[in-house]
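**Student:** Letter by letter, the chains look like this.
Protein chains: 2
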Amino acid sequence: MSHDSKHFHLNAFLMGVGHHEAAWRHPRTEAHRVLDVAHFQELGRIAERGKLDSVFFADGLAVGPRIKHNTQAIFEPVTLLTAIAVATARIGLIATASTSYGDPYNLARKFTSLDHISAGRAGWNIVTSAGADEAANFGIDGIPSHRGRYDRAEEFVDVTLALWDSWEDGAVVLDASSGVFADPTKVHTVDHAGERFRVRGPLNSPRSVQGRPLLVQAGSSESGKEFAAKYAEAVFTAQRTLEQGQEFYRDLKARVVRHGRSADDLKVLPGIVPFIADTRAEAEELERSFTDLISPEYSLRQLSAILGVDLTEHALDAPLPPLPPVDEIQGNKSRYELVKDLAGEGDRTVRELIGLLGGGRGHRTFAGTPDQVADELQTWFEQGAADGFNIMPPYLPGGLDDFVDRVVPILQERGLFRTEYTASTLRGHYGLADPGNRFARTATDVSA
Amino acid sequence: MSHDSKHFHLNAFLMGVGHHEAAWRHPRTEAHRVLDVAHFQELGRIAERGKLDSVFFADGLAVGPRIKHNTQAIFEPVTLLTAIAVATARIGLIATASTSYGDPYNLARKFTSLDHISAGRAGWNIVTSAGADEAANFGIDGIPSHRGRYDRAEEFVDVTLALWDSWEDGAVVLDASSGVFADPTKVHTVDHAGERFRVRGPLNSPRSVQGRPLLVQAGSSESGKEFAAKYAEAVFTAQRTLEQGQEFYRDLKARVVRHGRSADDLKVLPGIVPFIADTRAEAEELERSFTDLISPEYSLRQLSAILGVDLTEHALDAPLPPLPPVDEIQGNKSRYELVKDLAGEGDRTVRELIGLLGGGRGHRTFAGTPDQVADELQTWFEQGAADGFNIMPPYLPGGLDDFVDRVVPILQERGLFRTEYTASTLRGHYGLADPGNRFARTATDVSA
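Just so you know, the sequences run in chain order A and B.
Quick note on numbering: the first sequence equals residues 1 to 448 in this note's numbering.
Quick note on numbering: the second sequence equals residues 449 to 896 in this note's numbering.
Because the hints were derived from the structure by calculation, they are not lab data.
Be aware that one or more of the hints could be misleading.
Said to hold, decoys possible - Residues of chain A clear of chain B, computed beta-carbon distances all greater than 10 angstroms: (1) Ala-85; (2) Asp-103; (3) Gln-244; (4) His-259; (5) Val-309; (6) Pro-319; (7) Leu-416; (8) Thr-419.
To be verified - Okay, the calculated bits of chain A under chain B, using three or more residues with CB under 8 angstroms as the criterion: (9) 34-45; (10) 75-82; (11) 137-144; (12) 274-286; (13) 324-332; (14) 347-360; (15) 376-383.
Cβ coordinates follow ideal geometry from the N, Cα and C atoms, glycine included.
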């Protein structure tokens, strides 16, 4: 497989005191730190110490049925990343925001503001908000259709990209002597009039030093992959085996090329939940110590929501009941497929399935020594399944510390990962070119 | 007049490198700092050094016709205040956000996130976005009607307040041993179904330590004053004379009482743009040095927008043409009335009017010694025109430094202003009570 460099990329996907759903109950964490912005600033600094490309916070627009047993996000991710931005200098800062609720103008502004505050380190993970709980907070009954969500997402992103182009590089003149703040010939209306949005522009904030925030996406359904192939510059994905990872990688890169882009314009980042210890046995024991703390009541609700069947009264040690066909799932189709696939392997019981999902909600968990984790990443990278990885520490900050202090040095020794930052922007870390600007005149235009 | 204490309150209204429209061209500022988040963090620290109650950033959702000659805000205020929050410990943090565009759920979340990050220092300045330029960025043609904007604002705020109540104090349990994160009996849906919004709730973030963000408002029209009397806990207002200030104060406090609230539940904060120097003559010379840098092209556009007549071709040294009646103004009615009033005083020419407006866009400017500034504030406070003041430094950071280092100590010596913070939240600084929670059961409820 082709790569744009011999290095791969690393994003740290951060969540409360860890991705494992029972992390906050485990002795390796302090639960109250989910309330403490300093905890999250520390995570940003640890990731930067490891020279990682970026940190990422997911988001949802409802509490759902899980507040009794699972930690609830306290902070809105763009404000949280702003707090991290001013405590760090290099690490990229990616936040989820929804195209189904809210307006392109407000979203473009919010991310540009983070991009200015961080001097070009902002990224937007585009989601379409599948949940009925989220819809109910925005005046919509039931689950919005998959197709409708993606149609809206396309128009939303088109408008947002136009707004981000509305100030050209160099539009801000700031000439005190002549009293000229901005060059009006470099600030443009966008005059979008589409099916769902009418937006005149320009945006009320200039272009950032990286041009515009990075576009990230994580949908793995057919619509999701097409959307990613058209727009995304990085993709987070849940792939459980090397073969599945290779297939996803080949498929998505081919789609990117079919959309007229270079395969390297999109970085594929499979997720991994690493349990790291001195021996594999100790790492597996560590993983078990987390699984033992899972609350079945919470997990059954979560599994029911994913699979579209009520399992809350289902016997834990029985196999799953028959599942609805995928075309009846209006929520996250790829997560459904992944869990169904997982459930089918060896006719797992509900209890076994809950344990497998507890670490990373369907993402691959891996228990091993630092060398074994590094081997695994190297294999996926060299065998054409990844341009980098979405590291999902099961507990925080310890799990991130261990990855940065024990795995990253091995990757660096093997020449697989940078030893120093060579860029100052998120776009630069991922080796992506300047995104260009639809309004910028070329030298030829100017002379004409 | 009654006051809840012998101390008054001080908010610093901050804007770029100063409120004076030509501030960025003046030798006392460095224009490029409008692009630098560290500049704004420094302003927050200066205000905190002066023990001020809060800092405030206004906002608008369009660039308007002013980008050539006037500095444009770079940062969205809630992200900017987040950057200031983590660089300070006590100063309150107030941001403008619009009820005409956007959703209550997203707004409630954003401000709660700032409230958590700052440990209870967030405030929301509620605006209804009068401009046609703003409307055009959200799919609306022309200027939305005054009445329609305020109707929407009432429902928007009602939903937001309900969402902020949706988690009771103590809802977050965080009991690792039992695995209980939250007490579901203390987390409530809001089930709002109104004319413009349907929102189920609960909010996806717990209640903050100050209960909910402070509600601030600045409308001075009839609708604006009624809205403030019903909801606001602090009001920014432009009053040019002591008599006008007293009349506004009496009127607004009476309205507050008619809405069943205590007069002290709302703090009236008139704006003042202070030019401070060792002598009054030097202060006036300082003010003139700013006025001399005003660009008439910019000012004529701004004045045209306020007054609803095109003055861009009008002779600078001629008096104003006849103005439309106030009921034809769909934009900011109180700003229109203020400017019309100002223009009528002595048949001012357009050039004179521009000079008067350049400092604070209609807010009172005052040039004097530190003692004279302190005298002026003391008079307004003691004569029943103010519970405190909205300090609008004409240039930054110097104008804020001068106020904090030269005027605040005089106010402290006179016993008019705190010498140390006595509270840790914004609500505490303004001497406001816990806002209560509609869902909280009393001890009687529980025993029943």
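**Student:** All the hints need checking, so say for each whether the structure fits it.
**Tutor:** For each hint, the structure was consulted:
1. Annotated as non-interface, Ala-85 (chain A) brings its C-beta within 10 angstroms of a C-beta of chain B; the closest such distance is 7 angstroms.
2. Not every CB of chain B is more than 10 angstroms from the CB of Asp-103 (chain A) (nearest about 6 angstroms), against its label as outside the interface.
3. Annotated as non-interface, Gln-244 (chain A) keeps its C-beta farther than 10 angstroms from every C-beta of chain B; the closest such distance is 32 angstroms.
4. Listed as a non-interface residue, His-259 (chain A) keeps its Cβ farther than 10 angstroms from every Cβ of chain B; the least gap is roughly 28 angstroms.
5. The claim that Val-309 (chain A) lies off the interface holds: its Cβ sits roughly 23 angstroms from the closest Cβ of chain B, which is beyond the 10 angstroms cut-off.
6. For Pro-319 (chain A), the condition that its CB be more than 10 angstroms from all CB atoms of chain B holds, with the nearest at approximately 26 angstroms.
7. With 10 angstroms as the threshold on Cβ separation, the claim that Leu-416 (chain A) sits away from chain B holds: the shortest Cβ distance comes to roughly 34 angstroms.
8. With a least CB separation of 29 angstroms from chain B, Thr-419 (chain A) remains clear of the 10 angstroms interface cut-off, as annotated.
9. Counting residues of the stretch 34-45 of chain A whose C-beta lies closer than 8 angstroms to any C-beta of chain B gives 4; at least three are required, and the coverage claim holds.
10. Proximity of the stretch 75-82 of chain A to chain B, defined as three or more residues with a beta carbon under 8 angstroms from a beta carbon of that chain, is established by the 6 residues found.
11. Only when three residues or more bring their CB closer than 8 angstroms to a CB of chain B does the claim for the stretch 137-144 of chain A stand; here the count is 3, and the claim holds.
12. Counting residues of the stretch 274-286 of chain A whose C-beta lies closer than 8 angstroms to any C-beta of chain B gives 0; at least three are required, and the coverage claim is violated.
13. Counting residues of the stretch 324-332 of chain A whose CB falls under 8 angstroms from any CB of chain B gives 0; the rule of at least 3 is not met.
14. With 0 residues having a Cβ less than 8 angstroms from any Cβ of chain B, the stretch 347-360 of chain A misses the three-residue criterion, and the hint is violated.
15. Counting residues of the stretch 376-383 of chain A whose C-beta lies closer than 8 angstroms to any C-beta of chain B gives 0; at least three are required, and the coverage claim is violated.
In this structure, the hints that do not hold are numbers 1, 2, 12, 13, 14, 15, in rising order.
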